[in-house]
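Protein chains in written order, with my numbering: chain R, 232 to 575; chain X, 232 to 575; chain Y, 232 to 575; chain H, 232 to 575.
Among the hints, erroneous ones may be present.
[What the hints assert, rightly or not] Below 27 Å or equal to it, Euclidean Cα-Cα: the simulated DSSO-like pairs (lysine-lysine) are: (1) Y:LYS392 with H:LYS531; (2) Y:LYS531 with H:LYS392; (3) R:LYS334 with R:LYS236; (4) Y:LYS531 with H:LYS234; (5) H:LYS234 with Y:LYS534; (6) H:LYS234 with R:LYS233.
[Stated by the list, open to error] Here are some, though not all, of the chain Y residues that point toward chain R, as calculated from beta-carbon distances under 8 Å: (7) GLU277; (8) VAL408; (9) SER409; (10) LEU415; (11) LEU417; (12) SER419; (13) GLN424; (14) GLN451; (15) SER452; (16) THR467; (17) PHE560; (18) GLY561; (19) PHE562.
Hints are computed from structural coordinates only; laboratory data are not their basis.
If you're wondering where the values come from, they're calculated on a predicted model, not measured in any experiment.
C-beta: ideal position from N, C-alpha, C; glycine also.
Protein chains: 4
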Amino acid sequence: MKKIKAGIINVTGYTGVELARILWKHPGVELASVTGRSAAGKKLGEVFPHLIDTGLTIASELEGQFDVVFSAMTHKASAEAIIPLFKKGVRIIDISADFRLKKASQYPEWYAFDHPAPELLSQAVYGLPELHRNDIATAQIVANPGCYPTSAILALAPLIKNGLVEPDLIVDSKSGVSGAGRTLSLQSHFAEQSDNVRAYGLDGHRHLPEILQELAGLDQSADLTVTFIPHVLPMTRGILSTCYARVKTGRLGGGQEELNRVYSLFYENEPFTRVVQQPPETKQTWGSNYCFVYPVMNQKTGKVIIVSCIDNLMKGAAGQAVQNMNIMFGFPEITGIDSLPVYP
Amino acid sequence: MKKIKAGIINVTGYTGVELARILWKHPGVELASVTGRSAAGKKLGEVFPHLIDTGLTIASELEGQFDVVFSAMTHKASAEAIIPLFKKGVRIIDISADFRLKKASQYPEWYAFDHPAPELLSQAVYGLPELHRNDIATAQIVANPGCYPTSAILALAPLIKNGLVEPDLIVDSKSGVSGAGRTLSLQSHFAEQSDNVRAYGLDGHRHLPEILQELAGLDQSADLTVTFIPHVLPMTRGILSTCYARVKTGRLGGGQEELNRVYSLFYENEPFTRVVQQPPETKQTWGSNYCFVYPVMNQKTGKVIIVSCIDNLMKGAAGQAVQNMNIMFGFPEITGIDSLPVYP
Amino acid sequence: MKKIKAGIINVTGYTGVELARILWKHPGVELASVTGRSAAGKKLGEVFPHLIDTGLTIASELEGQFDVVFSAMTHKASAEAIIPLFKKGVRIIDISADFRLKKASQYPEWYAFDHPAPELLSQAVYGLPELHRNDIATAQIVANPGCYPTSAILALAPLIKNGLVEPDLIVDSKSGVSGAGRTLSLQSHFAEQSDNVRAYGLDGHRHLPEILQELAGLDQSADLTVTFIPHVLPMTRGILSTCYARVKTGRLGGGQEELNRVYSLFYENEPFTRVVQQPPETKQTWGSNYCFVYPVMNQKTGKVIIVSCIDNLMKGAAGQAVQNMNIMFGFPEITGIDSLPVYP
Amino acid sequence: MKKIKAGIINVTGYTGVELARILWKHPGVELASVTGRSAAGKKLGEVFPHLIDTGLTIASELEGQFDVVFSAMTHKASAEAIIPLFKKGVRIIDISADFRLKKASQYPEWYAFDHPAPELLSQAVYGLPELHRNDIATAQIVANPGCYPTSAILALAPLIKNGLVEPDLIVDSKSGVSGAGRTLSLQSHFAEQSDNVRAYGLDGHRHLPEILQELAGLDQSADLTVTFIPHVLPMTRGILSTCYARVKTGRLGGGQEELNRVYSLFYENEPFTRVVQQPPETKQTWGSNYCFVYPVMNQKTGKVIIVSCIDNLMKGAAGQAVQNMNIMFGFPEITGIDSLPVYP
């Protein structure tokens, strides 16, 4: 396998370091440079002892030429770092939200900044392979999806695409603490979050416009409403989303069996997304790129409930980013991300 | 304070032992006898070292005369233990589900047994003080509510009672592991449940008919549908329920402010249920009898979201049982259960 | 019970807020003022929702007259806050280390500051009631012991006092994360500390001189060496110390039975320290002021192993502080701190 | 890579299923059969959804011919299963303790059974590659070390081999719950073990004779005494051992620097055991075959303290078993077990 040269901007967050873990072992990649402001000059294995064998030093800026750069910066800073690279022709996978939304006007509304390059938004491809594989293959910028949107969209896409449910959807998501990042906060303090669960973002979470945009793209006739409430649980990794929808009158007459068929067909060739026959658990995906989806029909109430789960740092972030890279560079899609979940 | 004599049937489960902890310190109670088949003959403090100072011995059967007996048996066995006591005139607080449902026909449907004394169901009072305080005061049998129903009903009651929302409700509940009891199971094994979340009961959880019965009792004109999905999280205690409802056309025009007023008024004199102004967290209730309720209005989507939380072994079980006992015997309602939450 | 007026300096750390929880319910105390710089002006119940019912407002400075002041400041700042109060005749319980060590020269060595009032060190009493009850009763300053020292000294005192073991001791302690306080740090981040254990302080932990001073005080003929290694575990509360000592030649010929007698006799009238017959677990003390001590003799190796455990925020901090206050003001020693552990 | 045929006896325990995870991806292995009594006939991916893609069915007995068989049975049953395979010439890696001890008389003493084939004990090789690599290469039976012994022996071997410390050693080990296996027990119940730490085996843990045997083998002149106390912590995976030894008079005059040299030299060519310069944490090894060893010299007390840590299911069980298999069959030693730790 001929190796491409890759760089990671901001390796010191959880997604950055997870990318380093994967790319270091990826047979088609030479991980040439990793950056991180606070830890610049230190060995990667000193800051992250689990990477003791990588030998990399954290730089303050990317050095050299790259085939692909992953940006794991926060929003706004990511766009600023990416734009010059884009102009040089580097292919980019952006883990931040900066190229996910198609409407530039949503950035001031949801992220409180004016997008510095709105003309690029239409070129960027939303990096959910299950929906946009062909476009990802040729994209120069891939906007890697948010962790919650990945779980929510994969749970609901088959229903929306097939017009089976009413457009008023509820997504109740449960996330591990690593989703809030490595930045310190009282709410991520062990003593505060241990043995505790809390809802947040009740006045509108930033991942909502992404979910809406992508689901709306599947059925432009629908006037979708999504109520999305995220929760943080005392666990490190994992997102489980429980989604609620009402069956449209006259649809899904075949009940659970038809529902299973719809989902199985939708995901039949997917390397990572699996339709399962019992309620999935986040621990079943730990450290892997799997997404498990479990759709259930309740005939009495006319509701479909879909439970999905992922490892938020893998399929919800770094793993999916590498999946996108594999598609972009013609590697077999599972290369470097085919390790089985670590259980228990 | 003149002391009443109390007994606990099945002290060796989590609710039983929590009752022992509370009653041992209750100034109006003499905890005279506790039973437990597997541990009969042992000192309570040997089986539960945190109760080392109680000096009680676990009996195989209740011995002596009692003013009140708490049954913490499992369903069916509980009814069988209670009926003879009832006939002797003992007042009973049943932690099991055996006297919660008013329709005898629901027992074979939801609990797979025929109720041995259906004629008593109408005499039993559903022990949620916020709804049935006056009836509890004079009841001979109080059916202590389930943990999930306590959190769900307290979250939704003000909306239903005032006819403010459409009758199609969603309750997404998140529970700690102690809710599944002290009985061994693979799913409660630390290595399986740690860093893990799972949904269960997707084909109908036993607490659903209780929730429906009690909410329906608040507005007999409504044809209620409740979709209730419980989840287990990696924490020991606590239930957080996130409830979703659609505002009826023309109601709640006063928005969030009106919503707050409705809830504050409904719970204004309650000693334990508090309407709060920020999302509550289960840890804020640990070891206490509080229920925190947080209602939020979303004008865009027309939804009301209510987050409630409790300690499942306290307000969701033993604490509420003692609250009921206090009401039944004329003690100040907070006696013995006024300790503040242990935090963090 | 006539009420004394109490204040808490720095209520916003874990010990401070635990003191507030206890003192609010203490029948002999009026909790008159609590301070906290960062949260000054806020309601205590806003910052700590579990204290929603206290009604206190956090002040920037203590206001009014006090019979007793608890200082939960960090070292150095605590001494500076205490000295003026001392001069006014207020009785003080200092949770920091500032009055624990008798030799002023140890402060620059272990805490990197020069003690501002070395002349007061001899007046301060080390607040471990099991060793210094009589002196505590009349002290104006009580230096509340560190959490690790409480567990280590109570484990080893009977052996040292009776001259039964060689003076070369090992204390391997395991602590919950709350011991590191509420201040943010990467090591206390949930995602870093969950499912993780680490040793620290291998070049000398600040609690070592305290342990040495107090054990040496029990047998001045011994030339004690203590090797003390603390560890942090993924739990919120609790310290378990495993202590290792070698039996002196010719001592403890009566084996385990004699060992039990020695310990039982030493602690026979203690209200909180219990000698137990099976290995204690930190969870058995959660939220209580208990210390459980379990001594074991190994005849083959000539070793005595003692396992002790406490709730680090109770017997290891706030609970013990209130125990000291009770002794100082003539309240029954268990007043306000007699609640049973919350289990599980 | 030519594939060898491998089987796993008792795939349904945590070591068995971890072996399946590794072997399924091992490029030199065809995982041909896995057994498990309770789940016989079920798909492996049904019992363990994280192995959904393996396609294997759990058999009641091994079927077919094998180059190597891993036995993950409990002691006694394992020997009984292995002996017939041994006679057929199959090479065996026994995860149980049945071939670890050289003296047959230790089996009735420590494991309460008479060894069925004492004549094989001398042929079996203790499978710690750092000590016995050459013998492992040609062994027909490899006795895979216990998890605690792996961490303890690797921590102490350099000191004993070089005769640097007094022979009276203390090993204080901290383990995750998975070390107790997948079998149900009250002590492994989430609600009991969460937020809890306990010592056990204070009257002698079965792993002690292994530790003694292997350390004694490094310096036959020493009359070793080991005090070994294991603890269980609220985490799923990981063992951290803190070991205490006294420097022999006149040795290690070069202090910390000499100590580092001794350790670095001892492990210089090891693919998995790393000498580190800061206290290691179990999380840094999660899912990997690393052992981190951190030796510290305390000049004042004359003590050496060594902290080691491993993932108990990897280097402490399945990972080390595969390392042994690689040595036995001439694969590069890291094949199939070179994945980096999953962090955080």
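Okay, the hints, checked on the actual structure:
no. : hint                   : result
1   : Y:LYS392 with H:LYS531 : holds (24 Å)
2   : Y:LYS531 with H:LYS392 : holds (24 Å)
3   : R:LYS334 with R:LYS236 : violated (32 Å)
4   : Y:LYS531 with H:LYS234 : violated (50 Å)
5   : H:LYS234 with Y:LYS534 : violated (52 Å)
6   : H:LYS234 with R:LYS233 : holds (26 Å)
7   : GLU277                 : violated (14 Å)
8   : VAL408                 : holds (4 Å)
9   : SER409                 : holds (4 Å)
10  : LEU415                 : holds (4 Å)
11  : LEU417                 : holds (7 Å)
12  : SER419                 : holds (5 Å)
13  : GLN424                 : holds (5 Å)
14  : GLN451                 : violated (39 Å)
15  : SER452                 : violated (42 Å)
16  : THR467                 : holds (5 Å)
17  : PHE560                 : violated (31 Å)
18  : GLY561                 : violated (34 Å)
19  : PHE562                 : violated (30 Å)
Of the hints listed earlier, those the structure fails to meet are numbers 3, 4, 5, 7, 14, 15, 17, 18 and 19, in rising order.
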